[in-house]
Amino acid sequence: SQQGEEDPQALSIQEGENATMNCSYKTSINNLQWYRQNSGRGLVHLILIRSNEREKHSGRLRVTLDTSKKSSSLLITASRAADTASYFCATGNQAGTALIFGKGTTLSVSS
Amino acid sequence: SAVISQKPSRDICQRGTSLTIQCQVDSQVTMMFWYRQQPGQSLTLIATANQGSEATYESGFVIDKFPISRPNLTFSTLTVSNMSPEDSSIYLCSATSGGSNEKLFFGSGTQLSVL
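Those protein sequences? They're chains U and R, same order as listed.
My numbering numbers the first residue of the first sequence as 39 and each following residue consecutively.
My numbering numbers the first residue of the second sequence as 80 and each following residue consecutively.
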């Protein structure tokens with residue numbers, strides 16, 4: 039079953055704009071991760087935020103985590119056409135033995 | 080980091096046949112996983128490939144249909160047996176050098192079409 043649920047399902051923006059996608063989850067977590075998947079490729083890890091962290095930055099990426107609301111957001115600033123991809127959040131399954139992925143947000147950045 | 084080579088990258092197979100997908104990691108990893116991804120959908124965990132022992136399967140997946148091997152710390156195979164069109168999907172190998180909830184590295188996937 040899905041642990042994380044992203045919204046929106048799809049997002050279309052212009053180059054230079056910021057893109058924000060959200061993830062909600064159901065059970066307690068040790069960490070939450072975001073991945074990117076370009077069309078027809080495997081997933082690439084973007085950032086991991088631990089349950090005791092509230093915000094984390096990596097380049098143009100900013101991730102926030104609110105454990106009281108069981109939600110996270112991924113902000114991509116100054117988007118580029120190359121950011122066009124699907125973005126997934128992932129958390130541990132209830133047994134803590136593997137990662138479970140949300141349904142993903144498909145981001146389209148047009149130039 | 081780890082680089083994962085997965086092959087074949089794609090295949091078209093006949094109903095009733097089997098396909099074995101290979102996953103090679105360029106360094107020793109603690110855990111390897113196999114996921115399935117329907118077009119435009121999220122990833123569904125098939126099983127955890129355990130080194131030297133039987134794989135741990137998720138609900139809805141069974142060993143007879145998806146036998147998995149992991150003979151060492153860098154290699155795993157997934158076989159899709161007695162295929163039907165419903166098995167058409169992307170199959171993804173992944174691995175981690177940390178614990179089960181840590182950063183995953185992914186292969187580029189195998190796109191399988193069953194006629």
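Since the hints were made in silico from the structure, they are not lab data.
There's no promise every hint is true.
[To be verified] Dumping the calculated DSS-like pairs for lysine-lysine here, alpha-carbon to alpha-carbon at most 25 Å: (1) K141/U with K108/U; (2) K108/U with K64/U; (3) K182/R with K86/R; (4) K64/U with K182/R; (5) K94/U with K182/R; (6) K144/R with K107/U; (7) K141/U with K94/U; (8) K141/U with K64/U; (9) K141/U with K107/U; (10) K144/R with K182/R; (11) K107/U with K94/U; (12) K64/U with K107/U; (13) K144/R with K108/U; (14) K86/R with K64/U; (15) K94/U with K64/U.
[What the hints assert, rightly or not] Just so you have them, the derived chain R footprint on chain U, three or more residues with Cβ under 8 Å: (16) 47-56; (17) 60-72; (18) 129-138.
[Stated by the list, open to error] Simulated DEER-style distance windows between Cβ atoms: (19) G177/R with E55/U: 30 to 38 Å; (20) T96/R with T115/U: 31 to 39 Å; (21) F140/R with R92/U: 34 to 42 Å; (22) K64/U with G119/R: 35 to 43 Å; (23) Q107/R with G134/U: 38 to 46 Å.
Just so you know, even glycine gets a beta-carbon here, dropped at the ideal spot from N, CA and C.
Requested in this report: Could you tell me which of the hints above the structure violates, numbers in ascending order?
Outcome: Numbers 6, 10, 13, 14, 16, 20, 22 and 23, in rising order.
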